[in-house]
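K.L.:
First residue of the sequence shown: 1, per full-length UniProt numbering; consecutive thereafter.
Careful, some of the hints might be misleading.
To be verified - Here are the computed lysine-lysine pairs in the DSBU-like style, where the Cα-Cα straight-line distance is at most 30 Å:
hint	residue 1	residue 2
1	K13	K362
2	K251	K222
3	K26	K197
4	K405	K131
5	K222	K82
6	K197	K131
7	K197	K222
8	K251	K197
9	K405	K26
10	K273	K82
11	K13	K26
12	K251	K319
13	K13	K319
14	K319	K273
15	K222	K273
16	K362	K405
17	K273	K251
18	K222	K362
19	K26	K131
It is worth saying that the hints were derived from the structure and are not from the lab.
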Amino acid sequence: MLALVGTVVDAEKVLPDHAVLVEGNKIAGVVPAERVGEDVERVYGGRGFFVMPGLINAHTHVAMARFRGLGESMPTQEWLEKIIWPMEREWTREEIRNWALLGMAEALANGSTTINDHYFFAEEIAQTAEKIGIRAFVGHTVMDLVDFPHAAPEEGFRFFRRWHGRSDLVVPTLAPHATNTVSLELMSEISGVSEEKDGRVHIHLAQSRGEVRELRRRYNLKPVEFLHRAGALNGRLIGVHGVYLSENEMKALSSSGSTLVHCPSSNVELEAKTVNLLQLVELGLNVALGTDSPNPVGSIDMFAEIRCTALFSNLMSRKPHSISAREVLGLATVNGARALGIAAGLIRPGYLADLLLINGRKPWFTPPENPYSNLIHSARGSDVEAVLVNGEVVYERGYFVRLGKRLEELLP
Numbered sequence: 001m002l003a004l005v006g007t008v009v010d011a012e013k014v015l016p017d018h019a020v021l022v023e024g025n026k027i028a029g030v031v032p033a034e035r036v037g038e039d040v041e042r043v044y045g046g047r048g049f050f051v052m053p054g055l056i057n058a059h060t061h062v063a064m065a066r067f068r069g070l071g072e073s074m075p076t077q078e079w080l081e082k083i084i085w086p087m088e089r090e091w092t093r094e095e096i097r098n099w100a101l102l103g104m105a106e107a108l109a110n111g112s113t114t115i116n117d118h119y120f121f122a123e124e125i126a127q128t129a130e131k132i133g134i135r136a137f138v139g140h141t142v143m144d145l146v147d148f149p150h151a152a153p154e155e156g157f158r159f160f161r162r163w164h165g166r167s168d169l170v171v172p173t174l175a176p177h178a179t180n181t182v183s184l185e186l187m188s189e190i191s192g193v194s195e196e197k198d199g200r201v202h203i204h205l206a207q208s209r210g211e212v213r214e215l216r217r218r219y220n221l222k223p224v225e226f227l228h229r230a231g232a233l234n235g236r237l238i239g240v241h242g243v244y245l246s247e248n249e250m251k252a253l254s255s256s257g258s259t260l261v262h263c264p265s266s267n268v269e270l271e272a273k274t275v276n277l278l279q280l281v282e283l284g285l286n287v288a289l290g291t292d293s294p295n296p297v298g299s300i301d302m303f304a305e306i307r308c309t310a311l312f313s314n315l316m317s318r319k320p321h322s323i324s325a326r327e328v329l330g331l332a333t334v335n336g337a338r339a340l341g342i343a344a345g346l347i348r349p350g351y352l353a354d355l356l357l358i359n360g361r362k363p364w365f366t367p368p369e370n371p372y373s374n375l376i377h378s379a380r381g382s383d384v385e386a387v388l389v390n391g392e393v394v395y396e397r398g399y400f401v402r403l404g405k406r407l408e409e410l411l412p
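Please put together the full structure from these sequences, using the hints given.
P.N.:
Structure follows, in structure tokens:
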């Protein structure tokens, strides 16, 4: 058994001077720090540290670290067609493994214990996740309305079936690219497999004006109507972005139990627009957070995305303090866990021991009067001291335990 000691913080509570006890891959208990007993083999943290649930990056493309900084200031469709897709056609499996490893290392070092990844060469990405020790939901991106060899639908289905029930850390998903790049027929087939195997469907949704226009031209449908027609509108659906959703579409997502993943930095960079988060929350929609890819945002740092979430919510709603720091923490933890169907995101006995130890002994955490504000507005990925995934310490002070390497040793 091991213990993480400090101020315990999740979306439900703040417990100063407490210890989170970990046994196996689960949280065994939460007790006052002075009650940590001799049965605890190792203690991490102490006074001045925060213990919190691992952040859940509910939408990313970790291997796209390869493209960081390219296509600056282009709108979504131009960015895809002129920069990303031509380079992606040249990927090799070895390159994917190397860049996926670097992206996952960045995610872990910045506090993400879980990623929900959507990309080509999913087999390599899944194997890399097991190697480094991150919890990963992985889908092989598929399209049938764009000529893209890496995105063959049959490979997406093969990957999903190959990894279904195979790993403690890697869960396969079904990953149609977007509502304008997959046909209604393929989307219906994906929905059928999702229902049969209880698999998550992870899709870009209303992320650009071009997507919405193209779908209207092809089927005379809005994006959520398209998903409903295909039988995909349910609690297994994880839609991403939602920048151009109508209010009726938002309501339909909410009533169906679907999740929308909010990626504010990416939205603002590519579309100069993002969702009105307060509106989504008031509609009762399950909203999770994601960084999107390291291009165009620049990093896989969920702490940076959390802060942007809080600030952009005020901007879009035109209401200061539109959503509390505590609520934002919930979006980045328990809401992501709910979307993915895992018992994580809260510090409760029996929940997965996917946890962070944050070094709060720094000027930007002083004074430590409001832990929620500290973690949302002041914390940085570089404040992450240690990361546990599935009860295992996989990262500590720049060192990746399973790899036996420090972060700088992974650089190309």
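K.L.:
If a hint holds in the structure, say so; if it does not, say that too.
P.N.:
Structure-based check of each hint:
1. Among the hinted pairs, K13 with K362 is consistent with the structure: their alpha-carbon atoms are about 23 Å apart, no more than 30 Å.
2. For the hint pairing K251 with K222, the CA-to-CA distance comes to about 13 Å; that is within 30 Å, so the pair holds.
3. Restraint check for K26 and K197: satisfied, since their Cα atoms lie roughly 25 Å apart, inside the 30 Å limit.
4. As the CA atoms of K405 and K131 are separated by approximately 12 Å, the hinted pair is consistent with the 30 Å bound.
5. Taking the CA atoms of K222 and K82, the gap is about 26 Å. The hint holds against a cut of 30 Å.
6. For the proposed pair K197 and K131, the alpha carbon gap of about 26 Å is at most 30 Å, so the pair holds.
7. Taking the CA atoms of K197 and K222, the gap is about 27 Å. The hint holds against a cut of 30 Å.
8. Between K251 and K197 the CA atoms are separated by roughly 27 Å; this keeps the pair inside 30 Å, and the hint holds.
9. With a C-alpha separation of about 26 Å, the suggested pairing of K405 with K26 holds against the 30 Å cut-off.
10. Proposed proximity of K273 and K82 is supported: the alpha carbons are some 21 Å apart, at most 30 Å.
11. Note on K13 and K26: the hinted pairing holds, with a Cα-Cα distance of about 19 Å set against a maximum of 30 Å.
12. At most 30 Å may separate the alpha-carbon atoms for a hinted pair to count; K251 and K319 meet this at roughly 22 Å.
13. A C-alpha spacing of about 25 Å is found between K13 and K319, which places the hinted pair at or below 30 Å, so the restraint holds.
14. Between K319 and K273 the alpha-carbon distance is near 17 Å, which keeps this suggested pair within the 30 Å criterion.
15. Proximity of K222 to K273 is assessed by CA-CA distance (about 19 Å); at most 30 Å being required, the pair is judged to hold.
16. Distance restraint check for K362 and K405: the Cα-Cα separation of roughly 26 Å lies within the 30 Å cut-off, and the hinted pair is therefore satisfied.
17. About 20 Å separates the Cα atoms of K273 and K251, which keeps this hinted pair within 30 Å; it holds.
18. Taking the CA atoms of K222 and K362, the gap is near 48 Å; set against the 30 Å cutoff, the hint is violated.
19. For the suggested pair K26 and K131, the alpha carbons sit about 21 Å apart, so the restraint of at most 30 Å is met.
Checked against the numbered hints above, the structure violates only hint 18.
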